[in-house]
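Sequences listed follow chains C and F, in order. 1 is the number of the first residue of the first sequence in the working numbering; add one for each residue after it. 1 is the number of the first residue of the second sequence in the working numbering; add one for each residue after it.
Honestly, the hints are just simulated from the structure, not real lab data. Among these hints, one or two may not hold up.
Cross-link-like lysine-lysine pairs, in silico, DSS-like; alpha carbons within 27 Å at most [as the list claims (entries may be wrong)]:
(1) F:K69 - C:K190
(2) C:K403 - F:K69
(3) C:K190 - C:K479
(4) F:K69 - C:K462
(5) C:K27 - C:K403
(6) C:K479 - C:K163
(7) C:K415 - C:K403
(8) C:K190 - C:K403
A few chain F residues facing chain C, derived, Cβ under 8 Å [stated by the list, open to error]:
(9) G12
(10) T17
(11) T64
(12) D97
(13) T117
Backbone N, C-alpha and C define an ideal beta-carbon position, used for all residues, glycine too.
Listed below, chain by chain, are the residues.
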Amino acid sequence: MSDGFRSPEDETVGLSRTATWGGLETKVSYGPDDIASVDYERDLGDPGSFPFTRGSFPQMYRSRMWTLRNIVGYGAPEDTRDGITRSLAMGATGVDVAVDNLTAEALDPDHPAVSADAGLEGLSLPSLRDVERLLEGVDITRTDIAYHSTMLIYPMVAAYAVKHDIPLDRIQGSHMPDHYQLTLSGWGDKIMPADLAQRATLDCVQYAAAHSPRWSLGLPQAYDLRERGLTPAGEIAFGMAITMQVLTDLAERGMGVDEVAPSLAWVSITDVDLFEEVAKFRALRRIWARTLHDRFGATNPRSLRLRIACHTSGRSLTHQQPLNNLARATVQTLAALLGGVQSVEACTYDEPVCIPTHEARELATRTQQILAHEVGAARTADPLGGSYYVEALTDAVEAEALKLLGTIEERGLVKSVRDGFLESLMDEHNYTHEREMAAGERIKVGVNRFAPEQDEALPRFKVDEGGVERHVQRFVELKRTRDQDALAARIADVYSVTRRGDNPTEAMMDALIADGSIGEVWGTVRMAMGHPYDPFRVLESPWEHSA
Amino acid sequence: MNTVRCVLGMLGTDAHTKGIRTLSRIFRDAGVEVVYLGEHNTYEQFAASVAAEDADLAGVSFSTAGYVKHVDALMRALDEAGVDDVPVMVGGLIHADDEPRLRELGVSGIFGPGSTTESILDFVFSSARSNTEVRSDTEVQTDAHDPTTGRLVKSQDQV
């Protein structure tokens, strides 16, 4: 065309895909025949009634609004405190604290091989002294802090409580004690060998559920598994396999399902395929309730009704045209609410570029507030229930999930973690995804279609590196000046308790109170389990242990 | 020999493996011999593998913000291991602002968000060290390739 405009055909939005984002084929339309086998009482039930397909609570968001969460975590504890204060001021009702990779992997910030990562992607929290800096002035029996971390977090908060004379049964908050998913989502054998994952998960869940009933345990942590490469049905299968393994192992330790399950919350994800995610949340609650009832004999309604903590997908966001991510996160958050989750943390649009800026975090909070107060997403429980399509899709997700769960059960979870079977399924998923993207069978706006000629790079959030340096120096100084003899005795306890197969949680808490660091305490547990003190094999334990 | 031998892996505490694991498979499909070191390598361990495997090319993926520091340390480790002639490519969440600094440090291929499989493979086959040896009579095309000009057809987690 002479005027230089592109032809209208180039701009047409045609249907690019008839399968869901997770790969389930769909029909042109759905009708009564597609849900003929659905029995209301048996398969759906009213909200708050078994099998909880339509929601875990009778009044849903009228009796308890979802917890509107905002994720915070960068630099030294003082920096993150500042971020928490800002979040609460803009209307968040719960705070998610993200720790840096070193803290998440129980490595000290002065570790010679990895110190470059300290404080970069989250908060550096290597000692109980740092927990005290983070929580200064915070009432941990009232403030709902969700720690996005697995290792050492419960022992650290519990140690804080003991040190400050707060009864363990009064502490509030949550963390994610699912160590299996760490092995599966990139931590591998070096950081989290399968046997250690099994043992550490059990020890933590057993102790926390028994001593801190108000502390929620985010298990399974299915979010990272989805991000690593799973469909919604795969999320249910992997997560249920982990849950069932934990419940079975705890039963062997004499802990019944109704003593554990009320403390559990499913850490889930909401991706961009709205209907499929809604179907997933519904199918998930049904599978959970039936499995815990039929297979484990749970009778407590608090065991049977699943609580779901949800985060929008970070993987779904694009570095290209990052403002598009606002649209993605909005739809994802809506899916979570229509699916009846108990808390939502919406990703910020700039997450693919940097850790969230304050402006982006405010937008993520406002998105949820608009959905809550203007859109009416919370008004009525299970608003899509009874839709021919959504009920049929719920059944389809459920069927696929149960099929994969059966395969994993047959092979055995721990074996399937150890021999790479589960990782190979996720690799396969990612490979297919990549191939579909390359072939244009799966369209990502701004990435493989509708890409701009020029894309401006976003400004990045800058962590105050000087602050992190001072934090690390302070940490090194603590290691030098603490009571070394007292610590050595506590570390010896951690080693011997772990070695003889008892639950080391309390010994770990005592070692933390004696100013042992996360790297030291966890390294000792690793050694007692027959693994190298330092996963990088650079550091040696400062203490000698007799076998 | 014509087969390109490429060491791929991750450094430090970075655990986001899906990109590089997918890339490993795409490389293998394309006939590249991949030595996948996995995650959580130190600079020295990575460099030692590059030397021991007699690699023609080394690739590292990053999903965390500290990559400039990591690349700096890795290049020094490669130097100390006597394999500073092995071309290094990096990918993942690389911010455009950092590209000049990465080039300065000696990185020859940078594949941030939006890089295409084609552009990455082009780089692999044109830059690998074995080509230098085999085609010593022809000009080596290291750095002749601009990875940012390809059309955007890949997801952000490509590398």
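- request: Identify whether the interface hint at T117 (chain F) stands, where standing means a beta carbon of chain C within less than 8 Å of its own.
  value: For T117 (chain F), the interface hint holds, since the closest Cβ of chain C sits about 6 Å away, which is under 8 Å.
- request: Mind checking the CB of D97 (chain F) against every CB in chain C and telling me if the closest is under 8 Å?
  value: This interface hint holds because 6 Å falls under the 8 Å limit.
- prompt: For the pair supplied as a hint, K479 (chain C) and K163 (chain C), is the alpha-carbon distance within the 27 Å limit?
  reply: 19 Å, holds
message: Would the hint linking K190 (chain C) and K403 (chain C) be met if the CA-CA limit is 27 Å?
response: 31 Å, violated
Proposed proximity, K190 (chain C) with K69 (chain F) (alpha carbon, max 27 Å): 23 Å, holds
Interface hint for T17 (chain F), Cβ within 8 Å of any Cβ on chain C: Since chain C brings a Cβ to about 4 Å from T17 (chain F), closer than 8 Å, the hint holds.
query: Are the Cα atoms of K403 (chain C) and K69 (chain F) separated by 27 Å or less?
result: 46 Å, violated
- prompt: Straight-line Cα separation of K69 (chain F) and K462 (chain C) no greater than 27 Å?
  reply: Given that 27 Å is the threshold and the Cα spacing comes to 15 Å, the pair holds.
query: Taking 27 Å as the top limit, are the C-alpha atoms of K415 (chain C) and K403 (chain C) close enough?
result: This hinted pair holds, its Cα atoms lying about 18 Å apart.
Interface hint outcome for G12 (chain F) [beta carbon to chain C under 8 Å]: 5 Å, holds
query: Going straight from one Cα to the other, do K27 (chain C) and K403 (chain C) come out at no more than 27 Å?
result: Distance ~22 Å between K27 (chain C) and K403 (chain C) Cα, so the pair holds.
- prompt: Do the numbers back the hint for T64 (chain F), that is, is its least Cβ distance to chain C under 8 Å?
  reply: T64 (chain F) check passes; min Cβ-Cβ to chain C is 5 Å, inside 8 Å.
Checked against the numbered hints above, the structure violates hints 2 and 8; every other hint is satisfied.
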